[in-house]
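What follows is each chain in one-letter form.
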Amino acid sequence: MVDARGMVRRRLGLRLWLSGGWLVLLALAALLAPWIAPHNPLEQDLFTSRLPPFWMAGAEPGYWLGTDSLGRDVLSRIIHGARVALIVALIAGTATMLIGATLGLIAGYYRGWADMVISRLIDIWMAFPPVLFAILLIAVLGTGLTSVIIAIVVIDWTRFARVVRAEAMAQGAMDYVASAQVAGQRRLGIMLREILPNVLPTIGVLLTLEMGIAVIVEAILSFVNLSISSDDPTWGGMIAEGRTALHRSWWVLVFPLIALFLTVLSFSQLGEGLKDRFDPVLR
Amino acid sequence: MADSVADIRPLFQVRDLRLAFPDMTRKPLFGPAPQTEVLHGLTFDIPRGAVLGIVGGSGSGKTTLGRVLVRLLRPTSGELVFDGREIGHLDEAALRPLRRRFQMIFQDPMSSLNPRRRVGSLIAAPLQLHGFDRTSQRVDQALDHVGLPRAFRHRYPHELSGGQRQRVGIARAIAMQPEFILADEIVSGLDVSSQAQVLQLLADLVRDLGLTLAFISHDLSVIRRLCSRIMVLHLGHIVEHSDTAALFDNPQSDYTRELLDAIPLPDPDQVWR
Amino acid sequence: MSAYLSIRNLSAVLKGAPKGTPRLLRSVSLDVAAGEVRGLVGESGAGKSMIGKAVLGILPRAVQVIEGEIWLDGVDLLRMTPSERRRRIGASAALIPQDPMTALNPSRRIGPQITDRLVDILGWTRADAEARARELLDEVRIPDPARVMRSYPHELSGGMRQRVLIASAFAAEPKMIVADEPTTALDVTVQKQILRLIAQMQARHGTALLFVTHDLGVVSKVCDTLSVLYAGKVVEDTRVRDFFAAPGHAYSAALLAATPKYTDPDAGLNPVPAAVIEAVQAEVAAAEAAWRKGGAHG
Amino acid sequence: MLARRILTRLLTTLVTLLGVSIVVFVVIRVVPGNPIAMMLPPGATPADIERLNALYGFDRSILAQYFIWLGGVVQGDFGTSIQTRQPVLGLVLGRLPATLELAIMALVIAVVIGGFLALTGTRLRGTATEGAIDVGNGMALSVPVFLWGLVLILLFGVLWPVFNISGRISPHLVQEFHTRFFLFESVLRLRFDLWLDLMRHMLMPALALAIPLAAIIGQLLKQSLKETMHLDYVTLARTKGYGENHVIVREALRNAILPTLTLIGVQFTFLIGGTVIIERLFSYEGLGNMAIDAVINRDLPLIQGIVIIFALLFTVINLIVDMLYTVLNPRLRHG
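Residue numbers (the working numbering), protein chains in the order written: chain A, 218 to 500; chain B, -9 to 263; chain C, 74 to 371; chain D, -16 to 318.
Keep in mind the hints are simulated off the structure, nothing from the lab. No experiment lies behind these values; they were computed from the predicted model shown. Ideal Cβ positions, reconstructed from N, Cα and C, are used throughout, including at glycine. Keep in mind that the hints are not guaranteed to be accurate.
Far from chain A, some chain B residues (derived; all Cβ distances over 10 Å) [claimed, not checked]:
1. D6
2. L62
3. L85
4. D98
5. S126
6. E248
Label-pair restraints from in silico Cβ distances [as the list claims (entries may be wrong)]:
7. A/G279 x B/H144: 57 to 67 Å
8. D/L179 x C/R152: 47 to 57 Å
9. D/V310 x B/P87: 14 to 24 Å
10. D/V310 x B/L199: 50 to 60 Å
11. C/K88 x B/S151: 21 to 31 Å
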């Protein structure tokens, strides 16, 4: 009898390759966007509006994935949209991690009043629906890339703080921490040298997850037209446009949706994949 | 030097040591929780070079006492004097330079060895912290001492067997050249064959390195073989503290007698009252 | 005295392991007669617990029996369908588990945990089953059985819980009980009471008892006969008195020498010599090779 | 012990709500600079500004302003919507039933699917089916509701248009209802024609909301079931002669369900948070859709009202789940 779980486990390597491959492809597209995009993503041409993708009747050569109602090239807009998506993912993801993980580590290891304050803050934050909170912040801060990033960090630090706090608490109860204390290690040293390495794999998984979430939040904000200026190509903006003209030109919605879907999925699978592959301690 | 005052003074002098924890289950809504005392005024000495066995059932306070001795816990009151110096109420910073001199080996090596450090780093880290030189050689020496191959320094704890992990714990403690080692139930998770090996090793090290050892266990049979003095704890009190032979031949307290009577000897002729 | 439990040539392997991987149980054979207590000893990984689990049909899913017979009360359990086997075991055998703290369902009251087998499997009326449970709790000397039956497990001490588990094991008058390290988790003074209780109950009910333990001291107190295991193979099968007088196998002797004994500071706690380990390993390997060559089961 | 636990929990809830009010106050009243300008429609006269200044005490200290504002909020005075010139509380309460019904429907779907997956996965552990469930759960988990919504719109709105992907109910049916709880009302009045129309509209957004939660429930419940299945009391039940199904349901489920229950509580608040974007996506007339309109129209009093209602809802749900956990856990009940 074959153990089916073994088959799933073997696929993990594949999942790492697939998700990593897509993200590398995306990063290259974002970096080289001005050179590889077949058209100017902002260029409107009403004579070529609503062209279908290349395999359908009525397609025009050069517009591989068709055009939207203003005649803009869908493929070029997706490639340029990748820039916004990845910038938000990297900056917002990293900043969220730094703030959230630090607070979570302090709360979980030092406990006491620091934990009281941080936990209460987390409770308060959990009382707000994140999307609504984000929209509210953008309404107050004004639109723009910086506002989007600030909004994501302000809202999502609790995701790291909660998980890292719980993990640091669990690790803090282990005897290796007592053993470091007997050896004369300082509290800060124990936190950074003993506990942090054991929490790091979790932080890594959360980081890639957060990057995917940042991409989605940016897409949602552009979907409701609250992200960066509405001219710049973003996947969320394209989806919003596509949603209104779904029956006439479905491709305007479908292709950015696929890009978004793959990106979010890849980010979430990447973290797990990396952990399974490189964490020396198998649990 | 052998006759100097410093050498005849006991390494540990413990006087009326008490420890209480706040009882969160009885905490009123406001104000502090009531205290529950788990160590009720313990007084004893550990002479230099002694191997002291600390025995008791679950809830006797033996593990708690051990953690107070190496100052993982701060006593609520009483004196804890190590080598002539009161350490019970020192803060972490003042304690730090002294920490090298009393080390601990833990019950569960899987939990007490940081899973993300290799054996070499596990042994070397405390050495570097206390400014030892030639740490690499010291790690090798420590591995030699506990009978592990030097190549083990590149392994992770999860790649070792239970007995090997416990040897790493011992190596880490002796590498610091401490005067005192506390061993907390270090063989209770091992099979009899590895148990015998680890105990043998510990006995040899104590003799060769001139260590003072406190050995916590629930098993009087194990303690008899290793220890020169035995202290029996029951519900946070010392019910008996005497010479090993004296304790086994002529136990003074009812609890000790009950404990001895309950041990199943590997002998079908033992009469079990 | 005919054997109530009879295991013949029982071999088990890890599921999905490549061919040629050593077996977990290597052609184990042993008998337990009605009223007999057989000890199963060995170090961790020797397979002693696995035998008890095989008898009760609770082997982990990863373990697969590849040959052998387990005769319980005249029928071979391994030739029955799983559901037949389950009912058979439920009606005629029982387990006293290792850790009383985890062996009672924390969200169910004590009473139903004792009576459920009687009502659901054996078809007793609830009133009869409850009367029987009270009687048994009384027999294992639990004060105020009616109150205990209404309690949740966390309201009882470890020793009390183990008494409840013993009562529950004897509830259906099983002819066969497997005790799997039943006192390892207890303090030594409580252990003594529990061992005594098990021995008394076993004698009074005439039950066949398979007693799994790593402690030769415990064996000498409760067992009549003894099987010593090494790497899934029975290396010695003997009477307890004979064993302690003169172990019949070098490995058994070494195990006995390693067992601490407080009455004699010079005896016990002697590490098992490497030569003994090598010899017993060679013996097991030879038996394994012979079994493979026999090709009875590929 | 139980009473003290509940009392402590109530106190922390109060502290949380106070913190929520401070955050809302700071974000809406302090950060944007001149709140009056934001609260007024374009073309307001200086007299209007004067009147509002006096009404909200903007001439006083921030702390005083906070307490004046908090006093109003506690009495249900969230101000007047700039857009519609109606009291915010009425607007919010008018939309709340739609959102609640959607969220509860999604929760029911998620629990049913998740529970089924967990039980099936446990029953068939070690088989290919379990592997498939794991992979499916992993996928469902890592894709947020926004994308599931879009996928469902494509599948059942365009490719195979069997469901409505826009609105809460066919417009001509609205006047049939006496309350705002359309779904409950249709069931209570046994009007299954209305119920059917509601379901055709609600199923897709509810399913989009439910998919990730179903996956989480499936994953966590299966994991705790599997852990529980290794415990001694489950093994003991097997030796008593019980079959696999009985052992899973009667011995394991009750103990495995507690961690899942707390998780469902937290996740249910996330699910309600997800309604904001899902309602937008499916043009469903609930609170979330109203919130986004309010932000686009810079209707700050309305936003503030919606945010506070959501926060109140979340806190109350968390409180209820905690209480439920306390009551269901025999260890705490009979401490």
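Here is what the structure says about each hint:
1. The Cβ of B/D6 sits about 24 Å from the closest Cβ of chain A, beyond the 10 Å cut-off, so the non-interface label holds.
2. Distance check on B/L62: its Cβ comes as close as 5 Å (rounded) to a Cβ of chain A, failing to clear the 10 Å threshold; non-interface status is violated.
3. Remark: the non-interface label on B/L85 conflicts with the geometry, its nearest Cβ contact in chain A lying 8 Å away (cut-off 10 Å).
4. Interface exclusion of B/D98 from chain A breaks down, the closest Cβ pair being 6 Å apart, not more than 10 Å.
5. For B/S126, the condition that its CB be more than 10 Å from all CB atoms of chain A holds, with the nearest at approximately 18 Å.
6. With a least beta-carbon separation of about 31 Å from chain A, B/E248 lies farther than 10 Å from that chain, consistent with its non-interface assignment.
7. Taken as a hint, the range 57 to 67 Å holds for the pair A/G279 and B/H144, whose Cβ atoms sit roughly 58 Å apart.
8. In this structure the hint that D/L179 and C/R152 lie 47 to 57 Å apart at CB holds, the actual value being about 56 Å.
9. Judged by the Cβ atoms, the range 14 to 24 Å given for D/V310 and B/P87 is violated: they are separated by roughly 53 Å.
10. Between D/V310 and B/L199 the Cβ separation comes to about 58 Å, which falls inside the hinted range of 50 to 60 Å.
11. As the Cβ distance of C/K88 to B/S151 is approximately 24 Å, the hint placing it in 21 to 31 Å holds.
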